[in-house]
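Letter by letter, the chains look like this.
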Amino acid sequence: MSTTVEPATAGTAEPISIHGQAVRRGDRIFRGVSLFAGITILVIIGAIGIFLIWRAIPSLQANTANFFTTSAWFPDQTPNPVFGIAALTFGTLFTAAIAMVLGVPVGIGIALFIAQYADRRLASTLGFVTDLLAAVPSIIFGMWGLSFLTPHMEGLGQWLNDYLGFIPIFRNDLNQYSKSILIAGVVLAIMVLPTISALSREVLTQVPRSTIEASLALGATRWEMVRQAMFPFARPGMISAAMLGLGRALGETIAVALILSASNVINWHITEPGGNTFAANIALKWNEAGPIGLSALIASGLVLFAITLVVNTIARGIIARHAEFRESS
Amino acid sequence: MSISRTVRVVAIAMLGGLALAACGSDSGSGSTGGTIAGQPCQTGSIKASGSSAQKNAMAAWVNAYQTGCAGATIDYQATGSGAGIQDFINKQTAFAGSDSPLKDADRAKADAMCAAGPAIDIPMVGGAIVLAYNVSGVDTLVLPANVIAGIFANTITTWNDPAIAAANPGVTLPAATIAAFHRSDSSGTTDNFTKYLKNAAASAWTYDSGKEWAAPGGQGAKGSDGMANAVTSTANSIAYMELSFAQNAKLAVASVDNGGGAIVPSSDTAASTIAAATVKGTGNDLSLSIDYTTTTGYPIVLVTYEITCEKGGDAANVPLTKALLTYTSSDEGQGKLAAIGYVPITGDLLTKVRTSVSAISS
Amino acid sequence: MSTTQMTPAPATEPALHDLLAGRQLPRWAPLAAAAAGIVISLLLNLISAVDGVAGTAVVAAILFVIFQTGWSLRVEGRRHAVDRLATTAVYATFVIAATPLIAVLATVFVKGIKVISMTFLTHSMRNVDTQGPGGGLQHAIVGTFQQVGLAALMGVPLGILAAIYLVEYTADAKSSRLARAIGFVVDVMTGVPSVIVGLFVYSAFILTLGLPRSGFAAAIALAILMLPVVVRSTEEMLRIVPRELREASLALGIPRWRTITKIVLPTALAGIITGVMLAIARIAGETAPLLLTTFLSQSFNYNAFKGPQAALPTFIWDQFTSGTQASQDRAWGGALVLITIVMLFYAGARLIARFTGVKKF
Chain A
-10 MSTTVEPATA GTAEPISIHG QAVRRGDRIF RGVSLFAGIT ILVIIGAIGI FLIWRAIPSL
50 QANTANFFTT SAWFPDQTPN PVFGIAALTF GTLFTAAIAM VLGVPVGIGI ALFIAQYADR
110 RLASTLGFVT DLLAAVPSII FGMWGLSFLT PHMEGLGQWL NDYLGFIPIF RNDLNQYSKS
170 ILIAGVVLAI MVLPTISALS REVLTQVPRS TIEASLALGA TRWEMVRQAM FPFARPGMIS
230 AAMLGLGRAL GETIAVALIL SASNVINWHI TEPGGNTFAA NIALKWNEAG PIGLSALIAS
290 GLVLFAITLV VNTIARGIIA RHAEFRESS
Chain B
9 MSISRTVRVV AIAMLGGLAL AACGSDSGSG STGGTIAGQP CQTGSIKASG SSAQKNAMAA
69 WVNAYQTGCA GATIDYQATG SGAGIQDFIN KQTAFAGSDS PLKDADRAKA DAMCAAGPAI
129 DIPMVGGAIV LAYNVSGVDT LVLPANVIAG IFANTITTWN DPAIAAANPG VTLPAATIAA
189 FHRSDSSGTT DNFTKYLKNA AASAWTYDSG KEWAAPGGQG AKGSDGMANA VTSTANSIAY
249 MELSFAQNAK LAVASVDNGG GAIVPSSDTA ASTIAAATVK GTGNDLSLSI DYTTTTGYPI
309 VLVTYEITCE KGGDAANVPL TKALLTYTSS DEGQGKLAAI GYVPITGDLL TKVRTSVSAI
369 SS
Chain C
14 MSTTQMTPAP ATEPALHDLL AGRQLPRWAP LAAAAAGIVI SLLLNLISAV DGVAGTAVVA
74 AILFVIFQTG WSLRVEGRRH AVDRLATTAV YATFVIAATP LIAVLATVFV KGIKVISMTF
134 LTHSMRNVDT QGPGGGLQHA IVGTFQQVGL AALMGVPLGI LAAIYLVEYT ADAKSSRLAR
194 AIGFVVDVMT GVPSVIVGLF VYSAFILTLG LPRSGFAAAI ALAILMLPVV VRSTEEMLRI
254 VPRELREASL ALGIPRWRTI TKIVLPTALA GIITGVMLAI ARIAGETAPL LLTTFLSQSF
314 NYNAFKGPQA ALPTFIWDQF TSGTQASQDR AWGGALVLIT IVMLFYAGAR LIARFTGVKK
374 F
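Line by line, the protein sequences are chains A, B and C.
The opening position of the first sequence corresponds to residue -10 in the working numbering, with each subsequent residue numbered one higher.
The opening position of the second sequence corresponds to residue 9 in the working numbering, with each subsequent residue numbered one higher.
The opening position of the third sequence corresponds to residue 14 in the working numbering, with each subsequent residue numbered one higher.
No lab work stands behind these hints: they were computed from the structure.
Nothing here was measured: the structure is a model prediction, and the numbers come from that model.
For glycine and all other residues, C-beta sits at the position ideal for the given N, C-alpha and C.
Warning: the hint list may mix true and false statements.
To be verified - The following label-pair restraints were derived from C-beta to C-beta distances:
# : chain 1 : residue 1 : chain 2 : residue 2 : range
1 : B       : 117       : A       : 255       : 43 to 51 Å
2 : C       : 367       : A       : 157       : 23 to 31 Å
3 : C       : 115       : A       : 109       : 18 to 26 Å
4 : B       : 183       : A       : 156       : 23 to 31 Å
Turn these sequences into a full structure, and let the hints steer you where they fit.
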């Protein structure tokens, strides 16, 4: 905000004008129109919240179970609808967590590779390609994940069970390895990679040349330079990149709906089939939902909306605290 | 200036794209005017939505109708029965396709929407729900109702379980874990399948029937296509799906034994079960009650209804809706079903269907 | 860091170089370590301690890391060993990430190219047997262009004006507070899942106002989705317009709104167009909101305001879930067309950025 241009005539809101009245009217109108556009955005987000709440209320009133602690999803059951978001919250956070654990280091690694390790000409091409991949629609990732990745991931699931099965989350009691939370998490990780790497690369390439050279001149190895000179500078940007990726992972719909063996249960065994997310649940249950079912889905959408709100607020807070990043961009 | 050049290039590219997009043609052309299946052609366009189980049947009918009557456009969107009924109630569509008759709460709203008359359920497409499996070395499989319930309730977990072996003498069953798939999305197919389990195997199936899968265990897959894919790609798996999907994926399907011997699922064996269903609706409403315990026909069937206003539908939609349903219930319309994996409505029931369709008016 | 290494040693010392730069591994060391890793992994494969191509590759990679790091640790010391490990990790992340991403593109291309033909590109699915081969997707291309075009018509002016407000009209304390609120909301909107926006349009426009599902309803959802991207990129572009330009113009007595429309916007135009095209590329492939807001059609419909209209994502969804080989082939063909269109937009945006020298993006 501090970069905003002050009018040349500081102190008075109106510019000194030789045309007088007409100018001020033109200015007022233009200002009004752009203010209206800004307010419209506020209104849209408000309307989203209000409509979701309004449409969610009927199902929340009809629900005979605790909305937050129930896993089952039978909203159209008569006379006693039963539904809750416990399993959805778990599945959403768990798949997003897997996506983050895999996607953030790799995404930052790619960014580092392009910004620092790769040959310059190669780097610009690679940058272009990773950016292109950010534009691949999610339905295509879903189709690919279902028809290509899922069969190729079963071996990994089996291996994890065989050799790391003593760690509870890798144990697989069913001996079935497809359509698991792990696979959904991996696909999400692949989907958020371009986002994370593109934004991280952006900030990593902005690290001043002088800082890098000073570090190397002091005898730092390349890795020490990266850790001590580049990362501190780029950290807020990388965090916001990760948060944007997280947002995408939390709300991803079609790909997860296609890949996951959606069942509303809480299962810590990530290689076993099962689990569900907010967004996938909406896509999967919308088609057969009655009035209460639809309202229940909207209620779950409201929770997802709230979660993304919180995530974004946190991200913004982090970035605001590193104000130097704002100024450098 | 480079900027104005940029703008010009972008504008030209966009216009080019639009121009390219505007010169297409519809596939296939129809004759103009005339009749179809003895009925005069209606023109105009209607929308309908609902059951995905009848998607391919409806597509075949729509194609045939549009080919015969070039002035008609019918868009059927397979949103799912629930969304189809909501669309119908919200006046988005001319009729809804549904795998189960209107429920009371929906019926009241649908009746209110049809100003002058009730909304009626007209059975139009039958389907057999088959148990497709992928077990190497097992070419034929017979499953009694209790065993099916046991497999899907997760009480029978291996292929060489004594209960399965007893029904399949002479078949070598592997000692592998059964991967039983159910629908992860809400589905009328799940509803009808669990109704069968509840009626035919009450002792082994203690869960409720419904569009959502209620039993523990097993794996989920989205849509009948997802089920077929899952069985194809998973060894030792079994899943329930409409006959046409199993045929398209070339999957082995189990015969079902309700106590009167094994019955192979087919259009014929399922048609007799549907024809024997009793009508529980009143007047022109033909909601059916299916005897899932039958021992003479293939017992796991579903019936897709077209739901529309008997009287008082939107006057702009009624002529084409009625003409389409007249066509679909004609011998020519029903005759298309068996070849694409569906089950035709036959016998007295078909006569009743035609009576109901002829009663539709605005 | 440890300055002792940098201290010049007496010239008589034999290992002068070692003292100056530290002892280093020979240039061929990574190659040697890699070769050793691969050979041992293959041997392990032969005695079946390791099986499968993937397993062998993973074991070889692990052995390479152990050999190189261990060797470096002995010869070069801990710091350089860590550096080599990090370099390997960075290269590895690139390979790890490139593999699936290239696999996605390759899969779509190989599976999609099979059905691409003039017929496929210039016909609709009207009167085509969905279970058999044939038909095309031009009706869906038309729908996508119209829906995305309408979304851009609504979203772009709104977004640009809002960005102008955020950058140009926030001098006093009150508007600066409002601008902060709007900025926050824009950031939040960036993260709102598309399915939520679809639900909103469905519940507000279709359930509440009783509008029919249509291409226009989808365009509203898409406009909301592209709005934050347009605002953010335009804002960035306006901020890098030098303040001297504005000041010069204002000092000449030119009113602020003329300054913005005649000086600031044209200067930032190339960057704004880039941002808009990136936003369009982002929304063109959105599926979830379209499923909730449009009514799928198999026929051409050139009127997005009336009647059912297909779009590429819904076409792909419909064909992919129809369950026959022919329909799945069409779905992959549709995916290839969609990716191509989206990537053309993306590439176009980058080219504009490159030729007009916009630094951002």
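Verification of the supplied hints:
no.	hint	in the structure
1	B:117 / A:255: 43 to 51 Å	violated (36 Å)
2	C:367 / A:157: 23 to 31 Å	violated (51 Å)
3	C:115 / A:109: 18 to 26 Å	holds (22 Å)
4	B:183 / A:156: 23 to 31 Å	holds (28 Å)
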